[in-house]
Each structure stands twice: as C-alpha cells, then as structure tokens.
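Quick mapping for you: the protein sequence lines, in order, are chains A and B.
The first sequence stops at residue 555 when you use this note's numbering, and every number in between is there.
The second sequence stops at residue 655 when you use this note's numbering, and every number in between is there.
Keep in mind that the hints are not guaranteed to be accurate.
Claimed, not checked - Which chain A residues face chain B? A few, computed with CB under 7 Å, are given here:
(1) Arg239
(2) Pro271
(3) Thr423
(4) Asn434
(5) Ser442
(6) Arg445
Stated by the list, open to error - Calculated cross-link-like contacts (lysine-lysine; reagent style DSBU-like; alpha-carbon spacing at most 35 Å):
(7) A:Lys422 - B:Lys209
(8) A:Lys552 - B:Lys523
(9) A:Lys422 - B:Lys349
The set of hints was computed from the structure by calculation and includes no laboratory data.
Quick caveat: nothing in here was measured; it's all calculated off a predicted structure.
Yeah, the Cβ is synthetic: ideal placement off N, Cα and C, and Gly gets one too.
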Amino acid sequence: MTDTIRAIPDRLQSPLERRLKSWETLLFAVAVSIFIVNSFTSPYFLNAWNLSDMTFNFTEKAMIAFAMALLIIAGEIDLSVASIIALASTAMGAAVQVGIGTPGLVAIGLGVGLLCGAFNGVLVTRMGLPSIVVTIGTMSLFRGISYIVLGDQAYRGYPSDFAFFGQGYVFWVISFELVLFALIAVIYFVILHKTNFGRAVYAIGNNPVGAEFSGIRVARVKFILFLLTGLMSGVAAICLTSRLASTRPSIAFGWELEIVTMVVLGGVSILGGSGLIPGVVIAAFVMGLVTFGLGLLNVPGIVMSIVIGALLIGVIALPRLWDKWRS
Amino acid sequence: MLMQPDQTSEQVSATSAAPILSLNRVTKVFPGVTALSEVSLELFPGRVTALVGENGAGKSTVVKILTGIYQADGGQIEIDGQPVRFPTAQDAGDAGVTAIHQETVLFDELSVAENVFLGHAPRGRFGLIDTAAMVEKARDILTGIGAEIDPRTKLKELGIANKHLVAIARALSIDARVVIMDEPTAALSQKEIEELYELVEELKGQGKAILFISHKFDEIFRIADNYTVFRDGALVGSGAIEDVTEAQLVKMMVGRDVSQIFPERDRNVGDEILKVEGYEHPTEFADISFTLRKGEILGFYGLVGAGRSEFMQALFGITRPSSGAVTIDGKRADIRSPADAVGRGIVYVPEDRGKQGAITALPIFQNVTLPSLGRTSKNGFLRLAEEFKLAREYTERLDLRAASLDTDVGNLSGGNQQKVVIAKWLATQPKVIILDEPTKGIDIGSKAAVHEFMAELAAQGLAVIMVSSEIPEVLGMSDRVIVMREGRIAAEVSGVDMTPETLVRHAAGI
C-alpha cells in the first residue's frame, strides 16, 4: 500500500558482486591468458629478469595513464603528454649542460610538466576551448620547442646518480620505476575512489552542468586535473630520460596514443563519466605483456604498431559488445 | 464491428466504434520493479483518451511501449484488431503511431524545418532533400498549430515554448492515426494551450485516436472523451469522462482521498535573512530589489520569459549580474558561483531536473550528498556509511520511492527525481531555498506532498522563494508575491491584494 512506510535499502547488489561481473574481471582474464600464451611461445619469457624488463614497457606510460584516466572520466583529454615529456627532457638536458645536479634536474622536470599542464588547463578552463583542440595544438607546440633547441643533436652527460630513476633497482628484480608505478597507482586509486575530489570528477564527467548546479567548482577541478597530467608527464620524463641517459627531440614520440589506448582498454569510457583505476593497472600489464611477448618473438616494430592499432580499435568495440552480451 | 446507421456524428459512444489501437494485458518488468502489470487500454477513432496516474504509475512506460522504445514482456498490442509488434521506433511510426513527448529530442544546430522532417524529409530529384518543399510543408504545419516561427531559423534561436511547438509540429509531420500527447501543455503559455486544444479538436475531426497524458484536471475535463487511470503499474479504472468527477479520478489515482486545498500554515515570519538590491543583467533583467524573511514563502509570478528563472540563476551564481548587491543575514555576499551561493546558504532547485537538477547517471545517495561531501567526509576522504546515513535521512523525510539508495537517479520517475534534488539541497541545511516551478509536470499526489513540505520548511524558519506559473499554487502557498514583467518587478502584492486578477493584470501589463 502507498501509505505504509517503506524503508529503502542502501544497496541491492553488493560491491563485490558488481566487481565480479565487471570489465576489469574480463580484462584480468585476458592478461592471464596472454601471460600463459607468452610463457609457451618463448622459452625466455618465464625469467625473473626478463619479466622485470617487461615492466619498463609500461611503467612510464602508465604513470601518465592514471592522470589521463581522471581527465578522460571528467570529460576532457590531454594529447600533449608525450610532447610535455620531450620539452621537460630537453629542459633537463639543457640544465645538465650548465652543470645543474640531480635534485635541480628533478625540480626542472616536474616544474616544466606542471607549467605545461597549467598552460593547457588555462586554455581549456579559462578560455572555454575544447581540450582536444587545445592539446593537439600544444602537442605540436611543446615538441616544436624541443626541435628548435636540439635540432638533430642530443643532450647527454647526465650525472651518474641521475641514472637511478630509470635504471635503479630497489630490491632484486624490483626496479625503482616499478615501485614508483605501484605507488602512483595507489595514490590515484585513493584520489579517484576514496576522496571528495574523485567524486567530483565522476559528477563532472556525467553531467558538467548538473555538477556546476550542485555547487562543484567545475573549472577548478578540471584545472587541477590538467596540472596533475602535466606533473605526471614530468615524472615520466625524469624516468625515461634517466633510463635512456640522453635526450632527443623525438623522445616518447607517439606515446599519447598508447597512453589513451591504455586508459580506454582499462575500461574508462572515452565519453567520460565512468572507469576505475584497477582497470588501468591491468590494462598497463596487458599492453606491456603484448609488446614484450612480440619483442621476444622478434616481431618487427612496424608489426607491433599494427597490433597496438588493432588493440585500440578492439577496445573501443569490445565494451559495446560486452554491454550487449551482459544485457 | 459495424457502425450503427442512426448515429449522429456529434456523439459517438465509446462502445460503438472499434478501437484503432488496443493494449491487451500488457506487462513490463524492469530489474526489481514491475512497471506495468497486465494493463489494458483502448484508443478509439475521433476520441481523446486521457491517461492519468501519479508519477511512477506507468504512464511513460506505456508511451515507450507504444512508440517502440521498450518491448512489452507480456500481453499484446493490436491495431485494427490485428496483433502487431514494434521492435523499433521506426516500426511504430510506420504503423501510424506518433508521440509528442515531454522531452522530444531536437537538434539545436538544425533549422526548424529540418527538425520537423528529420528522417522523413520530402525528397526531390536524385533522392536529395527538397529543401524548398520541406520549408513550405513545415510552414503549413506550424501555421496549423498557430506557431509564428520561420521554418528556416535555427532551433537554438528559439525559446523553450517555441521549441515545444516545433516538437508538436514534428509529431504531426508524420501522417499518423494514433497521436500520443505526453504532457503537451507543460511548457506552453495560456494562448498556446488554447491553440493546442483547437488542434486536438481538429485531429479528432480527422478521425485520429488521441492518447492525452496530463496532470492538469481542468484540461482533462475540457478535451478528453474517455479516461484511463493507472496506479502503481496497474489499471484501476476507465470509462467515459462524463461519468466521472474530478474527486473520483483523484481517488482512483492515489487510492485515497486527497484534498486539493493548500496546507494551512502558521505564518510565523521572523527576521530578515536576504536582501537583494538593484540586481541587473545586460539582457535578462533589471533593477530587482526585494527582501525576504525567515519562515516566509515569497512567490514569483510572471509569464514565461519574464526573466524570473534568469534572475534566480544569477542569484545562485550561475550567471553574473552586471550590478547589484546581496546581503545574507546582515552580511554582504559576493556570489560568483553556485559553490559560493551554497556556502552562503542559498540553494536552487532548477526547473530542468534532468540536466541541471540531478546527475542522472549517478546513484541516489551520491546525488544527495554531492554538495554536502564536506560534512560526510573526513579530511577530504569519503565515508560511505555517513553518506548513506545522510541520504537516508533526507530521502525518507521526502517519502522517496526507490528500489535502493544505490539506484541511478535516471531510473526514477520525474516526481521522485525532484524529491532527490530537494533532498540534496535540504541536506546542506540552507537558509534560503529557491524552488523554480517545483511542481511542474508532477502528479497531484506528489504536488500536495511538495506543498506540504514547503509549508513545513517555512514553519521551521527556512526562507522560501517559489517561482511558479500556476496561479492557484502561487496564491495558495505564498505570503507575498512579486510579479515580474519583461525582466523587471511589475508589482509586489500581499494580503487582500493577492487575487488572480491582480497577478494576471500586472504580469501582462494591463
């Protein structure tokens, strides 16, 4: 009857039950099968050091992918991330030439990343320009500066203690980058899933007008997301430059697409509003396993880029098929 | 079935003609809810059938089944006695069923004519769209419904009432035998409503069957021939409109007696809480000044487009006024964003629930706590238990009907979505609440609940601003009424001056 008081339950489906039926579960199964296939096709795969090497295929990209995931969930995108790496790396390289030490280099790498992120953020949130256009523009702009500074030259001569970020090991086969990757994954998991800020990100991605009308400072949240993406590009620039021990203007060329692929493969809707950090973590491993597995089989680089391209189309199509299958 | 030869064309009784369309024991089940349970409905040629029921009674579900958006889980649809199926919206259109929805999807960047004929534009040579013919046909249809709109203008240049007329024209551009009107008058002014009634008469004359969904009893009794009442997804009554009274319909709808009287209130007006001085916007409004006291309900009346909502949105920080000052509780407030307004204790329940009011893809509890996360969280970290507690407290006060607090708001009926939006704002413990057309498009039972709730809030000392275009509501609820006309305050009336005549006179400027 309409007059009786009905108590509304909090939830009908437990979060665990929901998780088991999720995209992330399917993706995890994919990761496991690729792992198994790899271990059969190459005798070198199941080797602790080889597996450790494998993680370098994704750690730097994944650091940026976490920040990118938040940005895409909020309905924006940053395609200039790889160019920010180039600019930050160039700035560090130039600093090395005038004798600046490792702490200074780290500060410069992070600072350039933040500045680039702020530049994107101002153009998008203050001037109201669409982020895809802004960041395609800054993608050319940032890397263009690197080309002007370096031409066909390269910066080398990084201090020996700088090498730790990209080449150091914390314990046995566990690299510094892998530890940093795990740490950043946890930080972004907490930011997105456990804080008010993360809730605001979802609200904005689902309905920016409704979020604004609910008292959320939409422009401020988006600006912070661009800053974070810039900052993570700076972190990745430090790791990559340290690993390569040199800077060329073509550094990290084309990474933006691999990073977006990683985010979308992780189950983040390219339309914004949904997605989880654990999905991006699994997607990072999937992409690392695929490229490394193909590498062990001596598959040429051009074929790898075909595989990455197919993967991108596949992950855009798969969630649709997945939804159909579920309903 | 045979027509009786001696029948006058004036009064065709419901039983004499065969229905064009009938629903037979149709059932629709959603996860956790039975939206329709074996309902039947018959639509006769040349007759208007009013479908009435509270929000969530299943009216919209029926419309969606008839237009091919949902598929029935049981029962069948018959046209001229033949069972039919509408797997897609296209199939429903081909079978001669068209609908004027509450929220028809239109395209801002296309012209009016293109919106009217999208998907079935007249074709010329080589199968290309014959633009000239399309514009002419659109002009004919628009003139037919009394809309003075140039079919070549872009839709985005039109106001909300004209957009609605375009939606109606779109439905009429399909040569249909069954026309479904889902709250067609909700966004229209009195003049346009009259023209819509004429249109309904014309469609009746052409022998079309009309399903008319409305919450307004005066129009149901004015234009409907038959009625069908749903309650909680089940059929509770149907028949000829002359055999039923308003009170009987209401009783069928809600399953109990509901007084249409506005709640009695202790007018317990306290200190001044809000003072607005010289609010001005370059295009929308000018020279708005007034004060508001604790426990007071201040009505804002005016015609559609008088600038009431625009002013309220400026007061809430959505748009920035070019000049003017706001004082809250004796302190000057610089409101530059909704966040500032909420921080100062001013909240706004917008007219457009789906887009501005709620975030429909997020669950109920997250919608309710969104502006209150500062209170439910600790050092910026979410505490879900606190969120459920807060959401439960306020949604229960509003008697929300939902499967769980984890249900997405988009799955709720309009009235329940409105309750979520109001609960969201009450949870912030505001000083001033602005309600913009709070009962528009919601049924009579929910309406009474919202009115009662407003009275209760005022009694607790909250200052309420209510924007409404319904005169009985404005007069029944307000302590004072400000009438706006063309962006300015035309009059402020209170006490014995609060009559329908004065409001209309000031609003129209006569």
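To see whether the hints hold, each was checked on the structure:
1. Arg239: holds, 4 Å
2. Pro271: violated, 48 Å
3. Thr423: Holds - the Cβ of Thr423 of chain A comes within 7 Å of chain B, reaching about 5 Å at its closest.
4. Asn434: holds, 4 Å
5. Ser442: holds, 5 Å
6. Arg445: holds, 5 Å
7. A:Lys422 - B:Lys209: violated, 38 Å
8. A:Lys552 - B:Lys523: violated, 39 Å
9. A:Lys422 - B:Lys349: Distance of about 58 Å is beyond 35 Å: violated.
Hints 2, 7, 8, 9 from the list above are not met by this structure, while the remaining hints are.
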